[in-house]
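Chains Z and A, in that order, give the protein sequences.
Under full-length UniProt numbering, read the first sequence as residues 1 to 171, first letter to last.
Under full-length UniProt numbering, read the second sequence as residues 1 to 170, first letter to last.
Hints listed in this document are in silico derivations from the structure and should not be mistaken for laboratory results.
Remember, it's a predicted structure, so these values are computed and weren't measured experimentally.
A hint or two may mislead.
Unchecked claim - List time: in silico DSSO-like cross-link candidates among lysine-lysine, alpha-carbon distance up to 27 angstroms:
1) K102(Z) / K133(Z)
2) K47(Z) / K119(A)
3) K119(A) / K111(Z)
4) K135(A) / K84(Z)
5) K28(Z) / K87(A)
6) K111(Z) / K133(Z)
7) K165(Z) / K14(Z)
8) K84(Z) / K12(A)
9) K84(Z) / K161(A)
10) K166(A) / K84(Z)
11) K47(Z) / K135(A)
12) K34(Z) / K166(A)
13) K28(Z) / K47(Z)
14) K14(Z) / K133(Z)
15) K161(A) / K165(Z)
16) K34(Z) / K119(A)
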Amino acid sequence: MDFTIHAATLEDCKDISRMILELAEYEKVSDQVKITQRDLEQDGFSKNPFYHGIIAEVPEQHKSKDGHTKVGYSLYFYTYSSWKGRAVYMEDLYVMPEYRGKGIGKALMSKVAQLGLAAGCTQLNFAVLDWNKPSLDFYLSQGCFDVTADLGYHCMRCEGESLEKLAQGDS
Amino acid sequence: MANFSLRKAEPKDVTDILRLIKELAKFEDMEEQVVLTEKELLEDGFGEHPFYHCLIAEVPEEHKSSDGHTVVGFAMYYFTYDPWIGKLLYLEDFYVMAEYRGYGIGSHIFQHLSETAVKTRCSSMHFIVAEWNSKSIEFYKRRGAADLSLEEGWRLFEIDKQSLLKMVAK
Numbered sequence: 001m002d003f004t005i006h007a008a009t010l011e012d013c014k015d016i017s018r019m020i021l022e023l024a025e026y027e028k029v030s031d032q033v034k035i036t037q038r039d040l041e042q043d044g045f046s047k048n049p050f051y052h053g054i055i056a057e058v059p060e061q062h063k064s065k066d067g068h069t070k071v072g073y074s075l076y077f078y079t080y081s082s083w084k085g086r087a088v089y090m091e092d093l094y095v096m097p098e099y100r101g102k103g104i105g106k107a108l109m110s111k112v113a114q115l116g117l118a119a120g121c122t123q124l125n126f127a128v129l130d131w132n133k134p135s136l137d138f139y140l141s142q143g144c145f146d147v148t149a150d151l152g153y154h155c156m157r158c159e160g161e162s163l164e165k166l167a168q169g170d171s
Numbered sequence: 001m002a003n004f005s006l007r008k009a010e011p012k013d014v015t016d017i018l019r020l021i022k023e024l025a026k027f028e029d030m031e032e033q034v035v036l037t038e039k040e041l042l043e044d045g046f047g048e049h050p051f052y053h054c055l056i057a058e059v060p061e062e063h064k065s066s067d068g069h070t071v072v073g074f075a076m077y078y079f080t081y082d083p084w085i086g087k088l089l090y091l092e093d094f095y096v097m098a099e100y101r102g103y104g105i106g107s108h109i110f111q112h113l114s115e116t117a118v119k120t121r122c123s124s125m126h127f128i129v130a131e132w133n134s135k136s137i138e139f140y141k142r143r144g145a146a147d148l149s150l151e152e153g154w155r156l157f158e159i160d161k162q163s164l165l166k167m168v169a170k
């Protein structure tokens with residue numbers, strides 16, 4: 001099936017928002033999505049964007065049963081490794097279920113890799129849930145390595161009340 | 001010794017920043033992994049679109065270290081994005097020289113970062129910790145940090161440059 005990949009524009013935020021919710025609904029956690037289409041527009045398309053996006057689109061004749069031609073996306077941003085310098089982080093990678101198995105996911109990831117290399121990055125990072133065996137297997141077969149399993153680094157988070165308390169110096 | 005100040009890093013600090021990055025990497029037994037140069041730190045941190053921000057902890061001249069340094073701690077951070085909750089602050093490196101620990105410098109740096117996160121409307125502050133680093137884990141847990149790898153099963157993955165080049169060549 002024919003598809004193209006393009007850099008996300010302001011107009012794409014409606015579809016990105018739709019697909020973010022689709023993914024959250026599939027994982028049964030759509031109540032955790034606080035970001036709106038408006039937030040995506042402001043955060044991705046102002047002078048200092050917090051993220052970048054790429055969209056996979058199919059021609060009109062292959063549109064989805066609900067009439068969508070934008071069928072996949074990846075959200076990424078630039079980070080920095082104090083060991084190696086510029087890096088790119090792939091935050092989201094999603095293809096609508098009816099368009100899977102056609103190489104769209106691989107093409108999106110490859111595009112992020114290309115953009116990262118062009119920007120002078122020497123690594124691409126992302127996170128995977130440990131129960132997601134198909135994804136783990138796929139990524140390991142692509143030459144990735146599991147930083148958590150191999151080097152013992154754990155992802156940590158300070159949020160909500162803990163973050164507020166910390167900021168006020170209450171700890 | 002209670003006197004220290006926190007300030008935003010300036011271009012002149014890149015020598016000290018690299019020194020402290022290497023000291024931290026040595027502590028993590030990863031010193032040979034550091035290939036970053038002062039030139040890159042300068043370009044990437046102080047250009048039009050910085051890739052990172054740095055907070056520096058400095059002591060007065062009379063309290064300089066045994067090797068003559070007044071820059072004794074730092075934190076390197078940048079902003080990331082979660083499509084569910086928005087902006088996040090990511091703490092890449094956080095380190096205080098051994099001879100300056102126990103004076104609250106680390107606590108102050110961490111508090112300052114939290115203030116920055118709240119002021120810039122970040123929902124959360126993220127970072128990674130080596131699982132054997134129990135002292136640091138205690139420090140973070142005391143301040144309300146959650147271990148996402150343990151609690152939610154997240155594993156951090158990396159693709160290095162060689163594998164990236166292979167991927168785009170296909």
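### Query
For the pair supplied as a hint, K165(Z) and K14(Z), is the alpha-carbon distance within the 27 angstroms limit?
violated, 35 angstroms
### Message
What's the verdict on K28(Z) and K47(Z), does the C-alpha distance respect the 27 angstroms limit or exceed it?
### Response
violated, 34 angstroms
#### Entry: K84(Z) paired with K12(A) [C-alpha distance capped at 27 angstroms]
holds, 20 angstroms
### Query
Within a Cα-Cα threshold of 27 angstroms, do K102(Z) and K133(Z) meet the stated pairing?
Given pair K102(Z), K133(Z) holds - Cα atoms ~20 angstroms apart, limit 27 angstroms.
### Task
Quickly compare the C-alpha distance for K34(Z) and K166(A) to 27 angstroms and report which way the hint goes.
violated, 37 angstroms
### Task
Sort out whether K87(A) lies within 27 angstroms of K28(Z), counting only the CA atoms.
holds, 23 angstroms
### Message
Can you confirm whether the C-alpha distance between K166(A) and K84(Z) stays at or below 27 angstroms?
### Response
holds, 19 angstroms
### Message
Need the status of pair K135(A), K84(Z): alpha-carbon distance at most 27 angstroms?
### Response
holds, 26 angstroms
### Query
Given the hinted pair K111(Z) and K133(Z), is their alpha-carbon gap at most 27 angstroms?
holds, 24 angstroms
### Query
Has the given pair, K161(A) with K165(Z), been kept, meaning a C-alpha gap of at most 27 angstroms?
violated, 40 angstroms
### Pair hint K34(Z) and K119(A), alpha-carbon separation not exceeding 27 angstroms
holds, 19 angstroms
#### Entry: Agreement of K14(Z) and K133(Z) with the hint, judged by alpha carbon distance not exceeding 27 angstroms
Cα-Cα ~31 angstroms, so violated.
Violation of the numbered hints given earlier is confined to hints 3, 7, 11, 12, 13, 14 and 15; the remaining hints are satisfied by the structure.
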